[in-house]
Amino acid sequence: MEKSRREKGDLMPAVRPLNPNFAFLALKAAVELDNIMRGKPSGHAAVAELANSLRETTSEIGGSSLTSLADPLSADLLNRALEQSSSSPLGINTVESLVRRANDVASSLQEATPGSGMEKLQTLLNFCLALSQVASSYQQEERERMRPQHPQRH
Amino acid sequence: MSFEVLPYSLARVRAALALVSQLQTSEFPQPNCRDGIQLIAEMLQARLTLAEAFNEKTSPEIVDTACHELLDTLFELLPILGFFLRSTNVRNAFEFHAPVARLVRQLVPNFKLVLSSEWNFSPFTYPQMVSLPNYVLIGLPASESANALALPLAGHEIGHAVWEKESLGKEFRPRIVQALLKEIRGRWDEYRVQFPHVTHETLEDLYSSRTWTPAFKWAASQVEECFCDNFGVRIFGESYLHAFAYLLAPGLAARNPLYPSNQRRAENLVTASERWGLHLPDEYVSNFRDWPSSLEVSAKFLCSLADSTANSVNEDLLEKCDTIATDAGVLPQNHEEVSNIVAAFRKLVPGTGARALSNIINAGWQAFHDPALWSDYPHIKERRAAVLNEIVLKTVEVFEIEAVLRGE
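First to last, the sequence lines map onto chains A and B.
For the first sequence, our numbering assigns the number 22 to the initial residue and increments by one for each residue that follows.
For the second sequence, our numbering assigns the number 648 to the initial residue and increments by one for each residue that follows.
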């Protein structure tokens, strides 16, 4: 029987720094956006899935302070990706502003079409690439924790 | 001479896929390995297909990120392929597989177990962070992979799968944040020495939070490791403490902030033992040592915050371990059953009628510590440890046959 995509680890209910395949999902979304920008026929599946993940994450973050967060690392990952993909400082200092900004990005991803404008598409593409890179670095840190390179790993 | 990264990246993935194809032709006594290798093949192929479609018009930033992700994926997956391959090695004690798989099914239904060995002196698991969802991959050090008495350490590794399945990270994270912030506020003067720009008002801002995010990561990691140690005690009883000490005492010198200190781990094991009415080995904690930390001042301070934070939730972790194991029908150590099995060992016969794998291993440890064991059999004395291991493994086989006959 064909395995479901979730069983294959392809589905991300929410942006989690340590979610397997998350960096790949963000990369695929970037490729789809690149195709849209170049007028190349392309699916929209990864972009839509990433947008859903962002929505899920911001609904989990929910509250207005870090103490109400389900996972401060998710907030850190999103914040770093937003900062890294922006040419100017975003000044996101509060959880509320982070949630608002991430929701804006999720909406823009859901609505991304050739008519969205090159500048906006490029911003989204940059965000997806930054998210992929930051997620990779988180994943690498976790791998080093969980695997026995460190002599005290048990 | 120059080079381009993309052709190298593509070649590396193709080489990995060729290796996967070779492995797929191998015999695997554990069928879960074959499924896992197929998953890995699909993951590699998906990445290769994406990257092969790149051309001169593709944004260089996309190519760079893809090459990075491809490399990271290889770092991630290649060790797992090796792990699957080593699972076929006859050095592993295959007697363990079915009983441990049953334990895993009880605790984390739908997870697939692969038992293997590692060329690192450290038992470990590849938990959910790897790209094989719903797999529990447990490896014992190659030199110990046939040692029945080391098996309880698998309890710690099953704990990681339970942690994931029960979403305990999500449950405990808010508590960890709150405990950490309370700890910081309680040591505010020390904190300000390290981070003078942070005020009470800005402590929870995203910007300021980066000052304590490392402590949060360490505390969250320590909490998970504490849970797994406690869980090992809950499901393997006293034998967990013996196996832990056998493999790790007195502890290595370098402090890893992602783990509790050597003594703290030993103290936690003692606390867990007391909770579940287990007999403690004499002077258990004093056999573990911590050496002066080589962390720099700021990291040392953050590590101490993480330590205190992790300690503050240990009682809740014990409660959680007990609830999960009890609800799953995992029996605690039964002293009477252990004594019966030890009595059989003294007669040089396998124990029968065991209701839990842990009781067999506990009997093995009791026999191991009995100076009078087989003193009437001088021909066995020289190979006492090997004979004991054989008889424990044989008892595990009997246990499995009895379980099958009971329809479990």
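Keep in mind the hints are simulated off the structure, nothing from the lab.
In this text the structure is predicted, and so the values were computed from the model without any measurement.
Any given hint might turn out to be false.
The calculated DSSO-like cross-link candidates involving lysine-lysine, where the alpha carbons are at most 30 Å apart (straight line), are [stated by the list, open to error]:
#	chain 1	residue 1	chain 2	residue 2
1	B	K704	A	K61
2	B	K759	B	K1041
3	B	K947	B	K994
4	B	K1041	B	K1028
5	A	K141	B	K704
6	B	K829	B	K994
- Item | Violated hints, by number in ascending order, as checked against the structure | Violated hints (numbers, rising): 3, 6; every other hint is consistent with the structure.
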